[in-house]
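Asks: If you want the building blocks of each chain, they are given just below.
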Amino acid sequence: MAEHHTASDCKHKTSSNAGGSVSGNGRPNSPAGCGGSGGLSGGLTQPAGWQSLLSFTILFLAWLAGFSSRLFAVIRFESIIHEFDPWFNYRSTHHLTTNGFYEFLNWFDERAWYPLGRIVGGTVYPGLMVTAGLIHYILNLLHVTVHIRDVCVFLAPVFSGLTAISTFLLTRELWNQGAGLLAACFIAIVPGYISRSVAGSFDNEGIAIFALQFTYYLWVKSVKTGSVFWAIGCCLSYFYMVSAWGGYVFIINLIPLHVFALLLMQRFSRRLYIAYSTFYIVGLVLSMQIPFVGFQPIRTSEHMAAAGVFALLQAYAFLQYLKDRLTRQEFQTLFFLGVSLAAGVVFLTVIYLTYTGESHLPVMLRYAKIHIPIIASVSEHQPTTWVSFFFDLHILVCTFPAGLWFCIKNINDERVFVALYAISAVYFAGVMVRLMLTLTPVVCMLSAIAFSSVFEHYLGDDMKRENPPAEDSKQDRPEEGLGPNIKSIVTMLMLMLLMMFAVHCTWVTSNAYSSPSVVLASYNHDGSRNILDDFREAYYWLRQNTDEHARVMSWWDYGYQIAGMANRTTLVDNNTWNNSHIALVGKAMSSNESAAYEIMKSLDVDYVLIIFGGVIGYSGDDINKFLWMVRIAEGEHPKDIRESDYFTPQGEFRVDKAGSPTLLNCLMYKMSYYRFGPYTRLDFRTPPGFDRTRNAEIGNKDIRLKHLEEAFTSEHWLVRIYRVKKQENRQALDHKLRNIAAKQKYTSKKVLPSLFH
Amino acid sequence: VDAVAASEMFYKLLIVVFLAVSLQGAPADGQKKKETLLSEKVSQMMEWTSKRAVIRLNGEKFRRLIRAPPRNYSVIIMFTALQPQRQCGVCKQADEEYQILANSWRYSNAFTNRIFFAMVDFDEGSDVFQMLNMNSAPTFINFPAKGKPKRADTYELQVRGFAAEQLARWVADRTDVHIRVIRPPNYAGPLMLGLLLAFIGSLAYVRRNNLEFLFNKNVWAFSALCFVLIMTSGQMWNHIRGPPYAHKNPNTGQVSYIHGSSQAQFVAETHIVLLFNAAVTLGIVLLHEAATSDLDVGKRKIMCVAGIGLVVLFFSWLLSIFRAKYHGYPYSFLLG
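Protein chains in written order, with full-length UniProt numbering: chain A, 1 to 757; chain B, 1 to 336.
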């Protein structure tokens, strides 16, 4: 367990701001015994009290290390909710704490998806909000007055500690205590999990991984003991998982798969029967209590495997029962018939459901990639490169196959489970970057098993040396040992690898996963830091200066933030449930101004908000996302919007003079570059109107707006807000003014009407 | 005199009538000729289409059927160079997609003679290429039923790619003919699965007296490891994105196996990573075996050293590849 201390030491070195540098320097000798203690029974030399104290300390330190390494964003910036989805979660948690649970369940949010609105209570997984609300309630009950925002910000780091503990418990059930402690240390700091659980990232996944691991632990426990108590515990944990995250589908397929595999391996037992029957029935009933899930568990194809396996298990148990009552001959015929019939039925059902079911994951993904730009436009729905695997898991990705090898070589009921878990999770992680999250826990467990089974033999040699005289000569040969030199070299090298892992985790967390993306930071040459707080500046402007019921149009990415920070009505947001509504906004952004004005009038838009990074070189701005707007709009309005119109004849997307005229005159371009051309000269090396993000001098510098007027532009021009002018009371005529030439002496009445044609 | 005058009148009248008839007859005749020519052309096109979804044209046919005026059908033409000596890899891929599109149209219920698919190979109709002043292949041009091709009648290959679906959208855009692309189902997957099942079945049948191998943990563990290694080395990404095997720099002729960016990868690179991951795994297993097996100490020592060597060497190598790809990553181990 010494590597844990190196891990936590590194952690404290790098994040020394986080608080006291707790280091267990005195302990590296003793954990060696602990690592090997799973295999050896050192009852006399190692009192049980020591062992549990040590485990407790290590788990506590793992929790602390995990918690503090997630605080980069809070220390660098402030206690703030990150990104996009968390803002919605925060807003609904706020609603929950101010209005109560029932009001939250019935909440109809008229501030989103104007003019449609959104039924929030029925379209969210409420677990996250209820958890945060409950913690807030309890703290307030104890007169610890904290703001709900702080509860939300620190919820995920706190839960990461619980995840570490449940991973420890699960790994202990699978292998031994030493591996469990290693696994807990791994999961506390591994980037694959930190990416979704830094402080401020108040999202479903933050608590769901804990629920996932805990459900699996209770499942393994109930299969091992066969007691209804553990099975009910598993159901309750499953219920929590269902309430927290849509990923519960993974559980409800993996557990039946485990049962099915055990049946195939002829490992059926009463314990299994009790565990699964209880889990399926109670879990089903409980999961249907979540409004968002409703009747899905008995209707959709994702849940059918569980039902099929339940039926199969009953049939199998029935046959086992008959086996005791019938003669061998009768039974064999019956068994053969029954099994083949049942297998046939299950097989056909599965085939049928796969081909007709609406959401078989890879099929759905492939379909979505071709047909729905809105899904393809989200970067986390992409397949995973090996670099992402390595980035998120580092050494664990190389070593966990070894753990899988050891598990399969020494197979038992629960190791079947972890093998299936690993294989299915690695498949899903390969298909979609986002599902790396479900792979991470099992990789930590299996790597811990691999490392633990190495350390077990290479750290604990002194223990074995002392024993030989007591043993008989048969065991003498393995006791000859590899010699202390080799052993210590191996140990040293392995520890160095683990140290590399800890350093890597810290670096990745600090550099890649700790940006709130609501507040940006830039660094000068001398290392001093500039904070770009344009987003909040603009949102507060909206909050203070616009009518309470003003409707703000923006691209969907910013919907939750506008609702959360500016408290104004939005047209589209990150929920993206209504593609045609989003396409309408996309169409408005990509049409010319007068066509866009018609759309905005029909949608009652008062303000338009865009993100523009050309001044400071921020690459995630709306012009860079613009092609997705065009694509999504084209999907719904192919006659009016064509993607090819926005490219140059050479097929390039350019904003300079060579860019396509359609692009240079569309609303998004005009709003982004309004006033940018002639008046701004950022420095003397570049011409006026030089866009730093795209490194080009813009093509249309003389931008005049007719139906819109600039309302607000933030300090670094990052956010620009335009007011949509009301229609004039009297329509101005588009005609030219009557122009009477001076030379004309008289006008005959015959000529006159022709002037008014 | 009167009679003469009358006869003269009569002749004049006759001439006038004749002239009138002949004048009236001349356009009617031309119209008929045009129609017959047109129907001839259409039936010719239909006949060729029934033989082959994509009509092959040479210079002469192109001038007669496409360039010459009477035409009431649109023709989509792919200008390409399919001869092997031209070494046009893109042309082949584009041709496959084009064939899919043409076949989807040929065998669809909505098939009419309003639109035809044709192609001109450079080696059969280089004069056409010259006539149209074209210097790149493949190029898709729509020759509309009325008038000459406009700018938008040339398909923007660079922008839209040559997927049959994209081509179909362009065709629908230009000619109002909507084609539902039907790809011939890929039988390779199910066939492979069937073969595999048959293989396993026959194996089980041959060894029906001894089914021990089904319970052999090594086999299962090995296949599980293979699957895991395949997935973690990013083969699924390759499957979906279809990157090249390696990149050859056209200027220097240098072949690079590792993609420079962390957002993408070559197939060769993933194979290397797979091997490295497997080596590290093997190293760990060897370390464990060295400590637990019953062999004599010398062999176990060798195993142990080999194991730790594999782990450390291949991991640091992997780390250095990662570092080369992920710019700004500060750490390395043993190898730069």
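I should point out that these hints are in silico values taken from the structure, not numbers from a laboratory.
One should not assume that every hint holds.
[As the list claims (entries may be wrong)] Computed cross-link-like contacts, DSS-like style, restricted to lysine-lysine with a CA-CA straight-line distance of at most 27 Å:
hint, chain 1, residue 1, chain 2, residue 2
1, B, 51, A, 639
2, A, 670, A, 706
3, A, 487, B, 299
4, A, 657, A, 625
5, B, 248, B, 301
6, B, 92, B, 217
7, A, 657, B, 92
8, A, 221, B, 217
9, A, 409, B, 32
10, B, 217, A, 409
11, A, 409, B, 92
12, B, 146, A, 639
13, B, 301, A, 487
14, A, 706, A, 639
15, A, 639, B, 301
16, A, 601, A, 706
17, A, 409, A, 487
18, A, 625, A, 725
19, A, 639, A, 625
20, B, 146, A, 224
21, B, 299, B, 248
22, A, 670, A, 639
23, A, 601, A, 657
Asks: Out of the numbered hints, which ones does the structure contradict?
Replies: The structure conflicts with hints 1, 5, 6, 7, 9, 11, 15, 20, 21, 23, although it agrees with all the remaining ones.
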